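Note that the protein sequences, when read in sequence, are chains A and B.
Numbering-wise (the numbering used here), the first sequence opens with residue 1 and increments by one.
Numbering-wise (the numbering used here), the second sequence opens with residue 1001 and increments by one.
Rather than coming from a laboratory, the hints here were simulated on the basis of the structure.
Please read these numbers as outputs of a predicted model, since none were measured by experiment.
Just so you know, not all the hints are guaranteed correct.
Said to hold, decoys possible - The calculated lysine to aspartate or glutamate pairs, modelled on DMTMM-like cross-linking and capped at a C-alpha distance of 20 Å, are: (1) B:Lys1061 to B:Asp1047; (2) B:Lys1076 to B:Glu1065; (3) A:Lys275 to B:Asp1135; (4) B:Lys1201 to B:Glu1286; (5) B:Lys1061 to B:Asp1078; (6) A:Lys15 to B:Asp1135.
What the hints assert, rightly or not - So the derived list for chain B, only partly shown, Cβ under 7 Å to chain A, looks like this: (7) Pro1145; (8) Phe1147; (9) Leu1151; (10) Arg1281; (11) Val1296.
Using N, Cα and C, we set each Cβ at its ideal position, and we do this for glycine too.
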Amino acid sequence: MRDARGTVRRKAGLKLWLSGGWLALIALLTLAAGWVSPHDPLAQDLFAGRLPPFWVDGAEPGYLLGTDSLGRDVLSRIIYGGRVALGVALIAGVSTAIVGSVLGLIAGYYRGWADAVISRLVDIWMAFPPVLFAILLIAVLGTGLWSIIIAIIVIDWTRFCRVVRAETMNQSQMDYVSSAVVAGHVRTAILWREIGPNVLPTIVALLTLEMGIAVIVEAILSFVNLSISTDAPTWGGMIAEGRISIHQAWWVLVCPLIVLFLTVLAFSQFGEGLKDRFDPVLR
Amino acid sequence: MRLLQILLLRLAMMAITLFGAAVIVFVVIRVVPGNPIAMMLPPGATDEDIARLTAHYGLDKSIPEQFVVWLTGVLKGDFGTSISLRQPVMPLVLGRLPATLELSIFALVLAVIIGGAMALTGTRFRGGRTEAVIDVANGAGLSIPDFLWALVLILTLGVLYPVFHISGRISPSLELPFTTQFYVFESLLRLRFDLWWDLLKHMFMPALALAIPLAAIIGQLLKQSLKETMHLDYVVLARTKGYGENHVILFEALRNAVLPTLTLIGVQFTFLIGGTVIIERLFSYEGLGNMAIDAVINRDLPLIQGIVLVFALLFTVVNLVVDLTYALLNPRLRNA
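Just chain A, same shape as in the assembly (with noise of 0.2 Å):
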């Protein structure tokens, strides 16, 4: 049994410094963008377009992944996405979890009414198809990076509301809210000192997966053109520009391609692994 464990542990412990170590370079990488991306993001080269990547016969040196049709060079366009990539997973993700766990904690220790209320718009809203959500959330609030924020905290709320609910009732039945009722505690000061920060781990392990979700789908509005602007660099954006491309330049959907692949796969990991991490049965 404490082999299995410990195998379990070693792994997930791999995953998350893989994934983590991935994370932390691009978001590294996307607050220094100033200084690090080697070109500007939206400036032209018309006598630079479709300069291959560096291992590729061609290529210029300055051109480390290649430009696009346009001749904007593709790294810095990279780098510069990846900040409204991880910019939309951190405020959208962040709001998601904040509006679900605090309606699930709310839901899950007071019980009674407010539960029946909160468990059935929970029902109502799962009910309805997520997409068919955001096609008219969207077309009401228009494109824009704010509608994306916002048709995500709409629709994913109840992901983080029905676990957070389920682990704040576990919650509730142990030892320590017990003493803390005993000792005088008021119900209020429990939930939110006692009970808030046991729920913790679960809500962090959540919204890692929320952000791998909101970079996805980020970048599929963008893709389709409803999220900012067409010539701000989006990876969405970038990768429907190398679609129309494909033939002549795959760099151009390439390389955003592999770096969105990976932050979405790292971001589910990573979520993966601090759930194996505070999984309460392997610990």
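Following the hints, position chain B against chain A.
Leaving out everything else, chain B in the frame of chain A:
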């Protein structure tokens, strides 16, 4: 008797769900900032024109009255006129629906074949290296969304080794004898296998991209239930009777293990249909989803509400079919 009860109950639930969807669509569309009439009129329209059009669409009435007018229209199949395409919404939506249905069903078939094969192989060689490989494949299928699978497929099987077509539903140079929009089905009926093959070569990659995540889920759950079933008494009995492992898995364990997977397929199939929206766009496949994105870009609200309601109807029908299949297959419900 029991089946009839289930059917009636489900139909009632379906009506309630659809009514709920209609209410949501109506409310969301009416909350839209901006006057829907202003979007329909050409520039330079007079106040009189505005008043006439407002009265024509019943927008001068109270909100509940508007809802009744709107709902009666919807029930009669009148979804209004598309603003961007200037045609009635209903025929537009119905013209695109078959393409999406064919794609979704093809994807479902692929997912069941791939997922089922993985589950059966994993159970047959459980505990070994084969099962470990299948677990890793399932994990990858689950954590990467269909959008990214589609792009990977475009790059590999569309560009690097161009085996399949990467855009459209059928080659534009072909002459089409079709009278319905169910091209795949009709080409088979007309014995036009050349057209059928061309359609499949277009449909294969979008369908596979949609199928991969579902195949991974089916593979995982079915393998798990199969492995649990393998320990049950009646399976052990079959083995002591001298049946081989393959026979035991296929003819004894599968029947009982398949039920939870079936329920899951129902829920997941609606997600797959939802996925067609973006996948159709990616492959320039002329279905309902591709139309939905154009409608959102053009803020064509009548068209959007038509598409959303048709999708909602589709989802409820899928759920109904799954519930009924489950009732038919589950011996506890069948014989009661």
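Results for each hint:
With a C-alpha separation of about 18 Å, the suggested pairing of Lys1061 (chain B) with Asp1047 (chain B) holds against the 20 Å cut-off. Proximity of Lys1076 (chain B) to Glu1065 (chain B) is assessed by CA-CA distance (about 17 Å); at most 20 Å being required, the pair is judged to hold. For a cut-off of 20 Å, the pair hint linking Lys275 (chain A) to Asp1135 (chain B) stands: about 18 Å separates their Cα positions. Of the supplied pair hints, the one linking Lys1201 (chain B) and Glu1286 (chain B) holds, its CA atoms being roughly 15 Å apart against a limit of 20 Å.
Restraint check for Lys1061 (chain B) and Asp1078 (chain B): satisfied, since their Cα atoms lie roughly 19 Å apart, inside the 20 Å limit. Note on Lys15 (chain A) and Asp1135 (chain B): the hinted pairing holds, with a Cα-Cα distance of about 16 Å set against a maximum of 20 Å. The beta carbon of Pro1145 (chain B) comes within 5 Å of a beta carbon in chain A, closer than 7 Å, and the hint placing it at the interface holds. The interface hint given for Phe1147 (chain B) holds, since its Cβ lies 5 Å from the closest Cβ of chain A, which is under the 7 Å cut-off.
The criterion of a C-beta within 7 Å of any C-beta in chain A is met by Leu1151 (chain B), whose closest approach is roughly 5 Å, and the hint holds. Nearest Cβ of chain A to the Cβ of Arg1281 (chain B): about 6 Å, under the 7 Å cut. The hint holds. A distance limit of 7 Å between C-beta atoms decides the matter here; for Val1296 (chain B) the minimum to chain A is near 5 Å, and the interface restraint holds.
Taken one by one, the earlier hints all hold for this structure without exception.
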